[in-house]
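Undergrad: Residue numbers (the working numbering), protein chains in the order written: chain A, 113 to 342; chain B, 55 to 318.
These are calculated hints, taken from the structure and not from any lab test.
All values derive from a computational prediction rather than experimental measurement.
Careful, some of the hints might be misleading.
[As the list claims (entries may be wrong)] Here are the simulated distance ranges between beta carbons:
hint: 1; chain 1: B; residue 1: G199; chain 2: A; residue 2: R249; range: 52 to 58 Å
hint: 2; chain 1: B; residue 1: S215; chain 2: A; residue 2: R249; range: 50 to 56 Å
hint: 3; chain 1: A; residue 1: K336; chain 2: B; residue 2: Q247; range: 53 to 59 Å
hint: 4; chain 1: B; residue 1: H272; chain 2: A; residue 2: L321; range: 54 to 60 Å
hint: 5; chain 1: B; residue 1: R147; chain 2: A; residue 2: A229; range: 18 to 24 Å
hint: 6; chain 1: B; residue 1: R150; chain 2: A; residue 2: S166; range: 16 to 22 Å
hint: 7; chain 1: A; residue 1: L329; chain 2: B; residue 2: C192; range: 23 to 29 Å
hint: 8; chain 1: B; residue 1: G250; chain 2: A; residue 2: F181; range: 57 to 63 Å
hint: 9; chain 1: B; residue 1: S215; chain 2: A; residue 2: I339; range: 41 to 47 Å
hint: 10; chain 1: A; residue 1: R249; chain 2: B; residue 2: G80; range: 22 to 28 Å
hint: 11; chain 1: A; residue 1: A229; chain 2: B; residue 2: G105; range: 55 to 61 Å
hint: 12; chain 1: A; residue 1: R165; chain 2: B; residue 2: G80; range: 21 to 27 Å
Here a beta-carbon is modelled for each residue, glycine too, at the ideal position from N, C-alpha and C.
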Amino acid sequence: MIYGFAWDTSSAAAFAWSILPILGIGLIVTLEATAAGFVIAMLLGLVLALLRRSRLRAIAWPTAAAIEFIRDTPLLVQLFFLYYVLPVYGITLPAFVTGAIALGVQYSAYTSEVYRAGLDAVPKGQWEAAVALNLSRVRTYTTIIVPQAIPRVLPALGNYLVSMLKETPVLSVVTVVDMVSLANMIGDRTFEYLVPLSLVGLIFLILTLLCSAGIHLLERALPKSGIALQ
Amino acid sequence: MTQAATMAQPASEPLIRFEKVVKRFGTLTVLDDFDFTVAPGEKVTLIGPSGSGKSTVLRILMTLEPFQEGNLVLGGMAYHQPSGHGPFRANERHLRQIRSQVGMVFQSFNLFPHMSVLRNVIEAPVAVLGLKRAEAECRAVELLGMVGLADKKDHFPSQLSGGQQQRVAIARALAMRPRVLLFDEPTSALDPQLVGEVLGVIRSLAHEHDLTMLLVTHEMRFAREVSDRVCFFDKGRIVEQGEPERIFTSPEQARTREFLQSVL
């Protein structure tokens, strides 16, 4: 029994049906971690991309170094570091928060590269028109450049959302109880691994297919030229 | 002083003054000890072979390109400041003050594709001049009417022809109330049958007494018709300049004659 739900191992189908509520609780954790991580990755990635493009080298270079550092160290190490090393310096975060931050920060290094490519792809003439109209640099980014970069970066961001979703089980190493760790627990107690793990695999497959379809719809719904922010 | 020299050096205080400006791209010298003045309200056309530095003059005035040596002053403001930094050796606030006097119309229009025509025109007046949105829209509709596109205000640039896009771009530049308007080959990217409508708008602007216009174009007949002065560029210098009638009918320099023969 986990979370008050008992399982029924009389048949494979009955077993699968009986453990579904347990996996459902894990699924919520998985989705929450993905959502929180993705929001961090989207926002922090954009900030990193903009800082990296700064005309001030004192800002651009350390940002580039930080991005490189985050990309070139394993997520697992970053997770352990946040969870076990930070408390030594008095910073203790709940497991879920640690996981979401680690996931988001790791992926922000990737999304910052996506944004950078998207921002670079906006034609030079757009910058020149903005200068000729005397728009400030901040205003140029917020109303001219970033809105035009969004449709260009969306497909790649969508790919990172899918791969992030698939990477959430790694958070179980810092005691986040997600869908995979629950399936494992059920397996440990029933000596029956096939059904719970297959079920988890199937749920992931459905989720990623849904994600991809959603992104595809969004891509088609967005005008290619960009979105004018009010 | 001969009459031609009087033409070249207008009597009133110049609005724009280039003094021995040198512009290099790497090892290539685009403007070489360049001297040039423009009087307030003057309509000047720059002609010459491609790569002769005409567009660079406009791009420097718009602060899109820095220059290496010499002085440039517009309305009493120097582009280079002794204390500044960056490519213009001037701070951003100072450059923005200069830019507030200057507008530019580009060869490739450069409208913002994600914004409606109206939004293209009001964006800078609202963000930079601080106009109320309603006020800016009212003025934008007026300007769009002037270029014959009031009915297209809710269209997007991609729904307009090249000629219409360029007319919107002119309205957008005018919405910032510039003292100086720069036209960088405004009709070169257009299909021949669309050139006329854009030239028509520029022609009507040429009647505006207060507006100073610098026009780079290959439309020689148009240049002859609208400008007070034509400057022939070659290899980063003005080889010959004067009243359009004189330049086009009796050019003094051999290079001017050769060029005009090749394009007329």
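Undergrad: Can you let me know if the beta-carbon spacing of B/H272 and A/L321 is within 54 to 60 Å?
TA: 56 Å, holds
Undergrad: Taking 18 to 24 Å as the hint, is the beta-carbon distance of B/R147 and A/A229 inside that range?
TA: Taking Cβ atoms as reference, B/R147 and A/A229 lie about 32 Å apart, which means the hint is violated.
Undergrad: Looking only at beta-carbon atoms, does the pair B/G199, A/R249 fall within the given range of 52 to 58 Å?
TA: Once the Cβ atoms are compared, 32 Å apart, the range 52 to 58 Å for A/R249 and B/G199 is violated.
Undergrad: Given the range 41 to 47 Å, decide if the beta-carbon distance of B/S215 to A/I339 lies inside it.
TA: 24 Å, violated
Undergrad: Using the C-beta atoms of B/R150 and A/S166, is the stated range 16 to 22 Å upheld?
TA: 18 Å, holds
Undergrad: Given the range 23 to 29 Å, decide if the beta-carbon distance of A/L329 to B/C192 lies inside it.
TA: At 39 Å between Cβs, range violated.
Undergrad: Between the beta carbons of A/R165 and B/G80, is the distance compatible with 21 to 27 Å?
TA: 23 Å, holds
Undergrad: Okay, A/K336 versus B/Q247 on CB: inside 53 to 59 Å?
TA: 27 Å, violated
Undergrad: Return holds or violated for the Cβ distance of B/S215 and A/R249 against the range 50 to 56 Å.
TA: For A/R249 against B/S215, whose Cβ atoms are near 32 Å apart, the range 50 to 56 Å is violated.
Undergrad: Do B/G250 and A/F181 keep their Cβ atoms within the hinted range of 57 to 63 Å?
TA: Hint holds: Cβ distance 59 Å, inside 57 to 63 Å.
Undergrad: Could you say whether the range 55 to 61 Å given as a hint is met by the Cβ separation of A/A229 and B/G105?
TA: 32 Å, violated
Undergrad: Do the beta carbons of A/R249 and B/G80 sit within 22 to 28 Å of each other?
TA: 26 Å, holds
The structure fails to meet hints 1, 2, 3, 5, 7, 9 and 11 from the earlier list, while all remaining hints are met.
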